[in-house]
Every structure is written in structure tokens, then in C-alpha cells.
Amino acid sequence: NAGVTQTPKFQVLKTGQSMTLQCAQDMNHNSMYWYRQDPGMGLRLIYYSASEGTTDKGEVPNGYNVSRLNKREFSLRLESAAPSQTSVYFCASSRDRALSSGANVLTFGAGSRLTVL
Amino acid sequence: GEDVEQSLFLSVREGDSSVINCTYTDSSSTYLYWYKQEPGAGLQLLTYIFSNMDMKQDQRLTVLLNKKDKHLSLRIADTQTGDSAIYFCAEPLYNQGGKLIFGQGTELSVKP
Chain P
1 NAGVTQTPKF
11 QVLKTGQSMT
21 LQCAQDMNHN
31 SMYWYRQDPG
41 MGLRLIYYSA
51 SEGTTDKGEV
61 PNGYNVSRLN
71 KREFSLRLES
81 AAPSQTSVYF
91 CASSRDRALS
101 SGANVLTFGA
111 GSRLTVL
Chain C
118 GEDVEQSLFL
128 SVREGDSSVI
138 NCTYTDSSST
148 YLYWYKQEPG
158 AGLQLLTYIF
168 SNMDMKQDQR
178 LTVLLNKKDK
188 HLSLRIADTQ
198 TGDSAIYFCA
208 EPLYNQGGKL
218 IFGQGTELSV
228 KP
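For the record, the sequence lines run as chains P and C. Residue numbers for the first sequence follow the numbering used here, so the first one is 1 and each next one is one higher. Residue numbers for the second sequence follow the numbering used here, so the first one is 118 and each next one is one higher.
Just so you know, these hints were derived from the structure itself, not from any lab. For clarity, every value in this text was computed on a predicted model and none was experimentally measured. Any given hint could turn out to be false.
[As the list claims (entries may be wrong)] Covered stretches of chain C (chain P as the covering partner; in silico rule of three or more C-beta atoms under 8 Å from a C-beta of chain P):
(1) 158-166
(2) 216-228
[As the list claims (entries may be wrong)] Pulled from the structure, derived: some chain C residues nowhere near chain P, Cβ distances all over 10 Å:
(3) 125
(4) 130
(5) 172
(6) 178
Note that CB positions come from ideal geometry on N, CA and C, so glycine has one too.
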């Protein structure tokens, strides 16, 4: 019953440091997503992966890279962290393969709170 | 591009009805969604509505869709303190399948 698991839950970085946020899902979902949440701005899509081996940019991809390692795992990397990347990051997954049929319900992880000093 | 707009705050008294409003931009959206975020947690799907429907009711929740005005609302009847949370509406990005674009979120505060 794990659903979507994100690690770490909290992280403090200094400007210029790098780190990787890990995400894994155990629901055999095809699509995975990384969002960031900032006060007053809702959730903004960083990157998206429709299936293993494919990734696509979202609304705010600059400063981030992603890897869809396999069907279960989707990681988000900050190569050189900046204070503007201080945020709460959410990973999500969904079954979605058929783009036009059925509701696409996202299952979210609990979030990773990142502070860049 | 797509944009989803919500007011940021709503305060109600326990037992009253809450109405959370949302406007969206893509008239071709097939489904529109409401998610709930409790403090310190991720988002959970609350309900969704198919675009050929005007209304959907699920226990205390009523979703109204006005396609002409691109307006979506969520009504919570008999609001309880446990309903205090942030509520997000979301629509799919045009022609991009599963990607969802979210509104800013409405923080609902329920006072006893």
C-alpha cells in the first residue's frame, strides 16, 4: 500500500550544491510527474514522463534534469541549486496511456521540502 | 496558454456550506478535477467531472460545471473542521494527455 514514495522528506542545501530527489511508485503506472509547490502559485509541472524511457518538459524545467530509470522510478536532479529552487516538490504517477479515454487520476507522494541557502 | 484561477482563501463556520470557485481556459478539456491537500501532505483526488455533465454529486460534495463561462465550482455541504485544507482545481494541458495544470489552490478554514 505504499503508493508513491519520495525521498528525502527534507533537505537543506547551499547554493551551488547538487542533489537528487528520488521517487518510486508501486502501482504499475505508466506516467510520472514532478511538480513544485510555492505559496500563492499552486503546483507547477517541472517534468513529465509518459512511459519508461521518455521525458518531457513541463512549465518550469530550467535548472532541473530528470531520469526515468525504469517503470517504477523517476528522479529529479538539481545540478547547481539556487535559492529560487526552495520549494516543496511533489512526485505523482498515473495510469494514463490512452490520452483521450477516461479520467487521468494522479496519485501524489507526500512531498519533499527543499531549502536552498 | 492554459491558466486556472482560484481565489486563495475562504473562511466558513462549521455546519455552513462552502463554495470554492475556479475558472479555466481550455474549452476542450474532457475532465476537470478537484484535489484536496491536508496540512503537510500530498494532494489527493477529491472528485472529477466529465465535460458533458453540468453537475455531479457525491455525498456532501457537489460539482457544478458551466462550460460557457469556463467556470467550475465545488460545494461542500455541512462543512466540518476536518474539511480544513487547500483545494485545487485542475485541467489537462491542451492536447498533452495526462499533464494537469493546477490552480493556485483555495485554503479553506472552518471555524467551530
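Run the structure past the numbered hints and jot down the numbers of the failing ones, going up.
-> 3
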